[in-house]
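Protein chains in written order, with the numbering used here: chain A, 1 to 234; chain B, 1 to 209.
What the hints contain is simulated information worked out from the structure, not anything from laboratory work.
Careful: at least some of the hints might be erroneous.
[Said to hold, decoys possible] Cut-off 35 Å, straight-line C-alpha distance, at most; resulting in silico cross-link-like pairs (DSBU-like, lysine-lysine): (1) A:Lys67 with B:Lys156; (2) B:Lys124 with A:Lys230; (3) B:Lys124 with A:Lys46; (4) A:Lys184 with B:Lys186; (5) A:Lys67 with B:Lys121; (6) A:Lys135 with B:Lys148.
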Amino acid sequence: MSKTYPDARAALEGVLFDGMTIAAGGFGLCGIPELLINAIRDAGTKDITIASNNCGVDDFGLGILLKTRQIRKMISSYVGENAEFMRQYLSGELELEFNPQGTLAERMRAGGAGIPGFYTATGVGTVIAEGKDHKDFNGRTYILETGIVADLSIVKAWKADPSGNLVFRKTARNFNAPAATCGKICVAEVEEIVPLGSLDPDHIHLPGIYVHRLIQGPHEKRIEQRTVRKKESV
Amino acid sequence: MPWDRNQMAARAAQELQDGWYVNLGIGIPTLVSNYIPEGVNVTLQSENGMLGMGPFPLEGEEDADLINAGKQTITELPQTAYFDSAQSFAMIRGGKIAMAILGAMEVSEAGDLANWMIPGKLVKGMGGAMDLVAGVGRVVVVMDHTNKAGESKVLKACTLPLTGKAVVNRIISNLGVLDVVPGGLKIVELADGVTEAELRAATEATLVN
């Protein structure tokens, strides 16, 4: 059975439904599954809950699904780059669950690893801890957080082989690895699908067991904040 | 004259020790990397998945796949390692990062920190700050001592939602350096030209000797 699909629309065939939960990789606009996000917009799926560290910008990444009002709820750690997000949230149209960034990453990792909950010191004494089980271990207080299991994971990697083994590039790995593991179905978009045997098995970042469907770029890979040094200052 | 942003960053850089792994927050803390003392070798962690963060790239060498936690383009170093977000926060929560230098909206005399939201106005999110203050060995905050209206941001108790409770070890403000100690804050150092009376007048928190 081939994991390779011709395009994002085909790769999402039969896995989208209204009210679903999607885990998405990416940090800011770095390493986001931009092709799959566009295809979800085109599919018109509604009332989606999305677990993603950020929510894109107004016209790129997950911000696109905000504009079309397809997102009902976000589970995120930081949403400061998106004016439309702020507007929808402050007017009560959009539900938001803030998770500390490490808690969000671990909730995805745990969900994918069959761990329904874990205790962490992150957020103790803050609003994040309200209503959560508290427990002391070795004299320190921790709160119970739960693993996330999503209906679908959408991730972006650099390279894949046809068996779904993934290699990420630089800081574009970020949430893609934990997000990929926590979906019942994972669709990955990559810049290049290379022939079987051409990836070094010792250098696979995410084994293909987690990846069910694959598509290949091209990607825009937009830069959010271009910061540079002048040549003469070297 | 109180310290400016760069002077605060330079003073914060004096906190760094050779061999440490350190996380620098967004804003003034990012400037700290410009003032790392000669002979002090620190490895900067970027919580989006990198150890060994290098400077901004030369013009034309920006890489969309290589950014810091502030989403700015950066470069790698010979010792750089990349990893995913779960691993990144495993090393933070696991106490492997010696120190975090972070910004603050408010700090209390008990070491409580507020730096992630203003209810009804600014809802950006905590990012990795809650994990950092809960996990790293030492937390230093760099901040202006007062707000634009001249009111103290170094308080008896924070008024904004907390990032962490009793997590701050040291405050470096434009007026000087204070440590969180039992019973309140202790003045460690005054900024050049700032008197103790001026610092006391700008501080709502209890100061102890």
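Broken hints, numbered, in rising order? Hint check: 1, 4, 6 fail, others pass.
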